[in-house]
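**Student:** Go ahead and model the full structure; you've got the sequences and the hints to work with.
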Amino acid sequence: MGGAFLHFVLPFYLLAMLVAVVRDAPDDAESVLHLALRLSPALLGGYAALAVAATTAAALVDPLLRARQRRRRARDPRAAAKRSERLLHHALDRARTLPGPRAEAALARLTSARWNHDDPAYQALARDVAEAVETSVRALGSAAPEKRAVLADMAAATIERIVAAEAELAEAEAQEDEKQARIIAGYVEARYGPSHFQG
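For our numbering, count along the sequence shown from 1 and bump the result up by 171.
Keep in mind that the hints were calculated from the coordinates and are not lab data.
Incorrect hints may have been included.
With a cut-off of at most 20 angstroms between alpha-carbon atoms, the simulated SDA-like pairs for lysine to any residue come out as follows [as the list claims (entries may be wrong)]:
| # | residue 1 | residue 2 |
| --- | --- | --- |
| 1 | 350 | 334 |
| 2 | 318 | 334 |
| 3 | 318 | 305 |
| 4 | 350 | 287 |
| 5 | 253 | 285 |
| 6 | 318 | 271 |
| 7 | 253 | 286 |
| 8 | 253 | 302 |
| 9 | 318 | 264 |
| 10 | 350 | 362 |
| 11 | 350 | 332 |
| 12 | 318 | 329 |
| 13 | 318 | 285 |
| 14 | 253 | 237 |
| 15 | 253 | 287 |
| 16 | 253 | 240 |
| 17 | 253 | 289 |
| 18 | 253 | 295 |
| 19 | 253 | 239 |
| 20 | 253 | 241 |
| 21 | 253 | 301 |
| 22 | 253 | 263 |
| 23 | 253 | 270 |
| 24 | 253 | 288 |
| 25 | 253 | 268 |
| 26 | 253 | 299 |
| 27 | 350 | 361 |
| 28 | 253 | 223 |
| 29 | 253 | 294 |
| 30 | 253 | 290 |
| 31 | 350 | 338 |
| 32 | 253 | 291 |
| 33 | 253 | 271 |
| 34 | 318 | 270 |
| 35 | 253 | 265 |
| 36 | 318 | 306 |
| 37 | 318 | 294 |
| 38 | 253 | 318 |
**Tutor:** Following this line, the structure appears as structure tokens:
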């Protein structure tokens with residue numbers, strides 16, 4: 172919250188000064204300067220007071236919101252996984268608007284991947300997919316025609332990197348599953364022995 176107020180202090184000040192200049196219509200640059208000197212303390216002081224009040228209120232409300240979120244997660248332990256599934260599904264739908272065979276091929280690989288949304292690593296990857304796709308689609312929508320090919324190629328390369336990251340995750344997960352299976356098999360053999368059930 173504090174960062175947001177710091178980010179918008181300059182636009183707020185300039186806009187407020189523009190409104191004051193339009194309203195008072197000073198005759199010359201010296202009058203504009205006097206107007207700015209007269210209004211600046213009130214404008215910046217009021218903005219600082221508002222920023223402090225809002226940041227303090229956010230700091231007080233934040234623990235309550237976090238506690239509510241924890242209670243919701245406790246009621247539905249798969250809430251994060253469901254959110255990740257929705258995010259990925261929406262991102263893949265949006266990605267179908269990306270032009271070019273390279274993007275189509277990368278998207279097909281991403282769609283056919285086996286996503287384990289219960290894994291926080293896959294949830295983070297789904298968020299990255301959503302952000303990358305949304306940014307690429309928006310950039311392509313506002314790009315000049317001569318830049319669209321470059322942006323489409325960059326979007327396809329981004330999806331390919333995400334495909335490679337998903338493949339690494341899947342490989343690591345498969346290795347961990349195999350390791351756990353070997354541990355269980357060793358445990359069962361040690362406990363019951365190879366000839367326990369003979370006869």
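**Student:** Run every hint past the structure and note whether it holds.
**Tutor:** Okay, the hints, checked on the actual structure:
1. 350 with 334: 24 angstroms, violated
2. 318 with 334: Distance of about 24 angstroms is beyond 20 angstroms: violated.
3. 318 with 305: 18 angstroms, holds
4. 350 with 287: Holds, at roughly 18 angstroms.
5. 253 with 285: 15 angstroms, holds
6. 318 with 271: This hinted pair holds, its Cα atoms lying about 14 angstroms apart.
7. 253 with 286: 12 angstroms, holds
8. 253 with 302: 17 angstroms, holds
9. 318 with 264: Judged against 20 angstroms, a Cα distance of about 23 angstroms means the pair is violated.
10. 350 with 362: 18 angstroms, holds
11. 350 with 332: This hinted pair is violated, its Cα atoms lying about 27 angstroms apart.
12. 318 with 329: 17 angstroms, holds
13. 318 with 285: 34 angstroms, violated
14. 253 with 237: 19 angstroms, holds
15. 253 with 287: 11 angstroms, holds
16. 253 with 240: 15 angstroms, holds
17. 253 with 289: 9 angstroms, holds
18. 253 with 295: Satisfied, since the Cα-Cα distance of roughly 13 angstroms is no more than 20 angstroms.
19. 253 with 239: Measuring from Cα to Cα gives roughly 18 angstroms; hence the hint holds.
20. 253 with 241: Roughly 16 angstroms between the alpha carbons, so the hint for residue 253 and residue 241 holds.
21. 253 with 301: 15 angstroms, holds
22. 253 with 263: The hint holds at about 15 angstroms.
23. 253 with 270: 29 angstroms, violated
24. 253 with 288: 7 angstroms, holds
25. 253 with 268: 24 angstroms, violated
26. 253 with 299: Holds, at roughly 16 angstroms.
27. 350 with 361: Holds: residue 350 and residue 361 sit about 16 angstroms apart, inside 20 angstroms.
28. 253 with 223: 36 angstroms, violated
29. 253 with 294: Holds, at roughly 10 angstroms.
30. 253 with 290: 11 angstroms, holds
31. 350 with 338: Measuring from Cα to Cα gives roughly 18 angstroms; hence the hint holds.
32. 253 with 291: 12 angstroms, holds
33. 253 with 271: 31 angstroms, violated
34. 318 with 270: Cα-Cα ~13 angstroms, so holds.
35. 253 with 265: 18 angstroms, holds
36. 318 with 306: 15 angstroms, holds
37. 318 with 294: Judged against 20 angstroms, a Cα distance of about 32 angstroms means the pair is violated.
38. 253 with 318: 37 angstroms, violated
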